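Please model the complete structure; the sequences and the hints are all you need to start from.
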Amino acid sequence: MNLLPYDRFTIVTPDIVPVVLQRLSANIETAKILQFPDAKLPYYGTISEASFNITRNVYRKLFIPVIKGSLETQFQQTAVHIQMSLHPAAIGSLIFLFWFWYGGFLPILLQDALPIYLRFLFLSTPLGILIIVWSFFWSEVKKTRSELADIIQGKL
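Each residue of the sequence shown is one higher than the one before, starting from 1 at the first, in the numbering used here.
Check before you lean on any hint, since a few could be wrong.
Unchecked claim - Below, a list of computed lysine to aspartate or glutamate pairs in the EDC-like style, where the Cα atoms sit at most 20 Å apart:
1) 68 with 150
2) 68 with 140
3) 143 with 7
4) 68 with 7
5) 40 with 150
6) 68 with 49
7) 68 with 29
8) 40 with 147
9) 68 with 147
10) 143 with 29
11) 142 with 7
Quick caveat, the hints were computed from the structure, so don't treat them as lab data.
Computed from a predicted structure; not experimentally measured.
This is how it looks when you write it as structure tokens:
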């Protein structure tokens with residue numbers, strides 16, 4: 001696993017591009033503007049003739065990967081290049097958290113007003129949150145990777 005919340009891989013299938021697109025569209029519901037997607041299909045997003053941009057259809061997690069893929073025809077087979085990254089809103093909220101936490105508490109820590117164990121607690125709390133987010137993201141990537149491989153190869 002990587003340290004950064006970014007994963008890139010390729011799935012190769014002996015099927016042609018229209019068959020792969022049909023399999024993907026059977027499991028992806030179209031994104032609706034200003035509405036939550038129905039939980040009937042496992043993914044929601046947009047799909048075109050050569051690419052797709054999808055997200056898992058999960059309501060309870062902010063740190064699910066955003067999936068971007070492109071389809072490429074190779075020697076009588078189709079290669080699907082997929083990249084997964086953390087949602088920009090999640091990255092923004094983490095940046096805000098770090099900015100707020102360290103901007104607000106760092107001046108207090110520099111004044112020697114707190115005991116050493118409380119300083120350690122204040123300094124390590126955002127790092128603990130970052131580790132939790134990192135583990136949630138990579139567990140979702142693991143699930144999504146195997147599920148997408150099954151969908152694209154026609155096993156699901």
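CA of residue 40 to CA of residue 150, is that 20 Å or under?
-> This hinted pair holds, its Cα atoms lying about 18 Å apart.
Is it true that the CA of residue 68 sits at most 20 Å from the CA of residue 49?
-> Within the cut-off at roughly 13 Å; holds.
Keeping to a limit of 20 Å between CA atoms, is the pair of residue 142 and residue 7 held or broken?
-> holds, 10 Å
If you draw a straight line from the CA of residue 143 to the CA of residue 29, is it 20 Å or shorter?
-> holds, 19 Å
Measure nothing beyond the straight line between the CA atoms of residue 68 and residue 7; if it is 20 Å or shorter, mark the hint as holding.
-> holds, 11 Å
Starting from residue 143, check that the Cα of residue 7 is at most 20 Å away, please.
-> holds, 13 Å
Within 20 Å, alpha carbon to alpha carbon, are residue 68 and residue 29?
-> holds, 15 Å
Going straight from one Cα to the other, do residue 68 and residue 140 come out at no more than 20 Å?
-> holds, 15 Å
Is it true that the CA of residue 68 sits at most 20 Å from the CA of residue 150?
-> holds, 17 Å
20 Å limit on alpha-carbon distance, applied to hinted pair residue 68 and residue 147 | holds, 15 Å
Measure nothing beyond the straight line between the CA atoms of residue 40 and residue 147; if it is 20 Å or shorter, mark the hint as holding.
-> It holds: about 16 Å lies between the C-alpha atoms, which stays within 20 Å.
Checked against the numbered hints above, the structure breaks none of them.
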